[in-house]
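**Q** Fit chains B and C to the given chain A structure using the hints.
Protein chains in written order, with this note's numbering: chain A, 186 to 485; chain B, 354 to 633; chain C, 372 to 800.
Note that these hints are calculated values from the structure, not bench results. From the three backbone atoms N, C-alpha and C, an ideal C-beta is built for every residue, glycine too. Heads up, a few of these hints could be off.
With a straight-line cut-off of 25 Å between C-alpha atoms, the simulated PhoX-like cross-links for lysine-lysine are [as the list claims (entries may be wrong)]:
hint	chain 1	residue 1	chain 2	residue 2
1	B	364	A	391
2	B	365	A	385
3	B	458	A	194
4	C	614	C	532
5	A	283	B	458
6	C	677	C	594
7	C	552	A	322
8	B	393	A	322
9	B	364	A	193
10	C	550	A	322
11	C	425	C	712
12	C	677	C	751
13	A	341	C	614
14	C	742	C	532
15	B	364	A	379
16	B	364	A	322
17	A	283	B	364
18	A	379	B	365
19	A	385	B	364
20	B	364	A	281
21	B	365	A	281
22	B	535	A	194
23	A	372	A	391
24	C	741	C	425
25	A	341	C	552
26	C	532	C	552
27	A	372	B	365
28	C	425	C	614
29	A	193	B	458
30	C	493	C	712
31	C	751	A	322
32	A	322	C	677
Far from chain C, some chain A residues (derived; all Cβ distances over 12 Å) [stated by the list, open to error]:
hint	residue
33	277
34	292
35	405
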Amino acid sequence: MKNLFSDKKTIALLSVPSIAIIGFAILAPLVVSLYFSFMEWSGFGAATFIGMDNYRQLVLHDGTFYRALINTFLLMLVTIFLQNPFAFVIAAILTKLKDATSRFLRTIYFIPATLSLVVVTKLWVSIFNPSYGFLNKLLQGIGFQNMQIAWLSNPKTALGSVIWIMVWQGFGWALLFYYSGLMTVPKELEEAAKVDGANKYQLYTKIIVPYMLPVIQSVIVIDVISSLKQMEMVYLSTEGGPGDLTQFIAVYLYQKAFRYSEYGYGNAISVIFVILAVFLTIFIQRIFRERSAGKKRVGA
Amino acid sequence: MTRYQVERNSKKTLLAIFLGLFVVAQVFPLLWVASYSLQKSGDLFGPELFKLPVNPVWNNYVRAWFDGKIPQYLTNTLLVVIPSVTLSTVLSFSIAYACTRMQWKLRPVAWFIITIGLTIPIHTTLLPNFIWYNFFGLIDTRIGLIISYVAFSISFNAIIFSGLLAGLPFSMEESAFLDGAKYRHILPSIIAPMAATGFATVGVQTFLNHWNEFIMANTYLMSEAKRTLPFSIIRFQGQYSSDYAVQFACMTLVALPPLLLYFIFNRWIVAGITAGAVKG
Amino acid sequence: MYRKIGLFALMLILATTVVFAQGAKESGEGETVVLRMGDNIPDRSTGWGAVIEKINKEFIEMHPEVEITTESYQDQAWQEKVKIYATANQLPDVMKYWSFSTLLQPLVDGKFVEPLNMDTFKQYGYMAGSLEGNVYDGELYGIPVSADLWVIYVNKALFEKAGVPLPESWEDIVASVPKFKAQGIIPMVTDGKDGWPLCEMFDNIQQRISGSFQPVADAIDRKARYTDDNFLQTARYIQNLVKAGVFQSDLVTSDYGASRNLFGQERAAMYMMGSWEMGLATDPNFSDSFRENLDVIEFPVVEGGKGNSNDLLAWFGGNYIVNAKSEHKDLALEYLEYYAKVFPAYAWETQATFPAQKVDARENDTIVAKKLLDIAADAKTTSGTPGLDRSTAAFKETHQDLMRRLMSNIITPEAFVAELDAAAEKAAK
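The shape of chain A in the complex, shown without the other chains:
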């Protein structure tokens, strides 16, 4: 009987296709990337081997690369310390409302998260447009007559505007995660706290938040990963400009390969990006908690 659980043919049939596809479409390309990262190549014609030159240039001399890292980090901060608290508070409020109202609001709040990134970006590019966009019209309407701010072009406002678009789009997900988590808090816990005389503030900070720590940690991990992965929204709005003030790593490597025709250099950025992403994820997971499905109960 136990033998069937270790039936080799079934195991192979169930697992090989997935592993094969992941190997073919994700892992093999990484090796190709590594190979080209040691080359200087324009995209067609001959490729020249240049060893670690791309990496040296990238790590030691590339200000744009570090700017992109800083922007990613700023995005993480805004997401974790601004977007998440708002999402948490609203989720908490939603748990206390009537079920119908709660469901209605949840649905509404999640709408931006269902939209294609192309729609989201083009939408906000229009709203931010200095001539016909809603934002400037609103400011003019309130009384700032000569506000013709070019939100996405002005060096002072560009990064903030881009980050706003990203935070706006991701809000629904954070809300959903926190709401689901809050719903799992046992009622007895709250009642016990109330009996002990805890007020709302204490209830949340001393009881509920600690209970929700695993969820919060999950959300933060996802925030970190998605901050790293930002590309489309920048690519379709500012393309990293003005200058490199809104540059993000994935946009940068794409431009280096396809615009500057520095394919090898783009791949070097790609390789460093993978290393960064993997290490950061492992690091964050380690800090919080170790939980992978492979450790789930096995047996019988």
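**A** Frame of chain A; chains B and C shown alone:
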């Protein structure tokens, strides 16, 4: 009214305003676009803060439909997404089962590969695949896109399934083995129904993601003939960019299907989040 | 169990076969000869696209066994597509491309382009210097199709509304800024997002200050430096123009379509762009009042500078080339000759573009068209290929990037010239 009641009422009003502001923030941008999609492009430059369409220009949607090449692009999206979602669901269910309920030496290795798949950013495969996929003739094919879509969605979906599958008692398979049943019967007839919510979640979620996907399609597809739905909106730069209203109509059209899908299958998306992130 | 594995393997084999078969299907068979073409003109219903369709139709009438298939993409996408095609040896038979070294040289070096007979084409009235721009290592590799003159389009109605006369110098333009702003009009727009128009302006202002276009060519060839005083003054001058409010506030994120649109929707009084946009005068998407008030002027002078208004920044960027590995080379070459013969007249007929070959003005030419012919005829000196296209792709990107930064006030003119020079130095290696 007592002072207490007044306080309560004002708190309630404040709460309502607070929640209401967020509703506006989340939804108004779409309404703005939808509203101007039914007006003339020139109206955008008008002095009013916000204008509702008085005489809706439905023709904008007709033009969006044709100028945005929506029928062709929509067909292409379906040709890609239906296979990719099906394949992804089946494969992720399979490997989740193998890794949570079967016993084999390489299991941790396989699961490690699955988790790695989560952390690798899509964009790091765009450059090398230009060469790698080209070698296999997969550039500018729908199959190439399907392969990438499936590869990148297996990890997350497998994790969702694993959450559901891990909680089932082994007695399910054991009693089936006793009856002499083989896996080709057990999996679809006994195990899969138990993970029904997983299928719903994974199916809907993957469908949304693949439907909206842009950057891989942008990098791997070249021909007009193969482009997917997000490209409808991109068409409105260059020569068509004077048509703001039509561009907005196109955006609205492209935004509708995922939105409708979300409204209908709302519940399963939530269930998936719960299973995957909260419990996983 | 074995059956399932076998089935799976079979499906895998089938899938692989389908994948490879797709490639094989591309090569057509049969009696019809398919001539594959590619260009950067997606709109086939008006303007240039319509002219090509007309030429194609006539060519097919002369050769009934021929079928012409064309794929069109926007500039950037088309360039990327060509690179892929070249790598896969699948270039079209006849292609519209560019004569710039950054784009054409790699193809020539890779032996993808068929050399053309200079004598055959010389007889079709090409403007001075135009064919020469397509010569590499003494061989002619492409025929120019359009002459690109750098000019300023103006909306006369908006000038009247603001009470401003048409400018002759950039100082005039700066002085007019408050008057335009008072009427809610943007003084000048251009495509800042792509950056290359800003680079053209750089070359042009440099000439207006120093009196010659040569320093740019010298800086690329490293006979001069971008850190020389004339370039530094140019950078400073341009940054001051931005600070004075001459351009749209979202200059660096306004792409080609957006900026053209601002002008066409009569939100801006001036549009800095090339002669290929003379089609604005007949574009049905814009209002009659816009089209009737459209005019064009030469690039203004800089007061105190040595350049004159009839020193023209002009180049012959767009060209047509033939695939050296084409299976229908003779047919392709014949097509090219026919194109050279009839294109100028057809293009001028519909005012689709400014041809690189001589045309006669017609009675019912638009004001813009006639003016452009005058400007071309008046030109005392021309620039040849602008700086950003004389070097490598990386240099071009850097130049564009630096211009955007300069005009966003993110870097100083001193830092700008230093970095530009470093890029030129690196590219020259």
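**Q** Give a verdict on every hint.
**A** Consistency of the hints with the structure:
1. 364/B - 391/A: It holds: about 24 Å lies between the C-alpha atoms, which stays within 25 Å.
2. 365/B - 385/A: OK: residue 365/B and residue 385/A at ~16 Å, within 25 Å.
3. 458/B - 194/A: Between residue 458/B and residue 194/A the Cα gap is close to 14 Å, so the pair holds against 25 Å.
4. 614/C - 532/C: Within the cut-off at roughly 24 Å; holds.
5. 283/A - 458/B: 50 Å, violated
6. 677/C - 594/C: 21 Å, holds
7. 552/C - 322/A: Status holds; Cα separation ~16 Å.
8. 393/B - 322/A: The given pair, whose Cα atoms are some 18 Å apart, holds under the 25 Å limit.
9. 364/B - 193/A: At roughly 64 Å apart (the allowed maximum being 25 Å), residue 193/A and residue 364/B break the hint.
10. 550/C - 322/A: At roughly 22 Å apart (the allowed maximum being 25 Å), residue 322/A and residue 550/C satisfy the hint.
11. 425/C - 712/C: 13 Å, holds
12. 677/C - 751/C: Measuring from Cα to Cα gives roughly 14 Å; hence the hint holds.
13. 341/A - 614/C: 15 Å, holds
14. 742/C - 532/C: This hinted pair holds, its Cα atoms lying about 23 Å apart.
15. 364/B - 379/A: Cα-Cα ~21 Å, so holds.
16. 364/B - 322/A: Given that 25 Å is the threshold and the Cα spacing comes to 32 Å, the pair is violated.
17. 283/A - 364/B: 16 Å, holds
18. 379/A - 365/B: Cα-Cα ~21 Å, so holds.
19. 385/A - 364/B: Holds. Residue 385/A to residue 364/B sits at ~14 Å (cutoff 25 Å).
20. 364/B - 281/A: 14 Å, holds
21. 365/B - 281/A: Answer holds: residue 365/B to residue 281/A is near 12 Å, not above 25 Å.
22. 535/B - 194/A: 12 Å, holds
23. 372/A - 391/A: Roughly 15 Å between the alpha carbons, so the hint for residue 372/A and residue 391/A holds.
24. 741/C - 425/C: 24 Å, holds
25. 341/A - 552/C: With Cα atoms ~22 Å apart, residue 341/A and residue 552/C stay inside 25 Å; holds.
26. 532/C - 552/C: Holds. Residue 532/C to residue 552/C sits at ~11 Å (cutoff 25 Å).
27. 372/A - 365/B: 23 Å, holds
28. 425/C - 614/C: 47 Å, violated
29. 193/A - 458/B: 11 Å, holds
30. 493/C - 712/C: 11 Å, holds
31. 751/C - 322/A: 47 Å, violated
32. 322/A - 677/C: Since the Cα atoms of residue 322/A and residue 677/C sit roughly 44 Å apart, the hinted pair is violated (cutoff 25 Å).
33. 277: Label holds. Min Cβ-Cβ 38 Å, cutoff 12 Å.
34. 292: 34 Å, holds
35. 405: The assertion about residue 405/A holds, with a minimum of 32 Å to chain C.
In summary, the numbered hints that this structure violates are 5, 9, 16, 28, 31 and 32.
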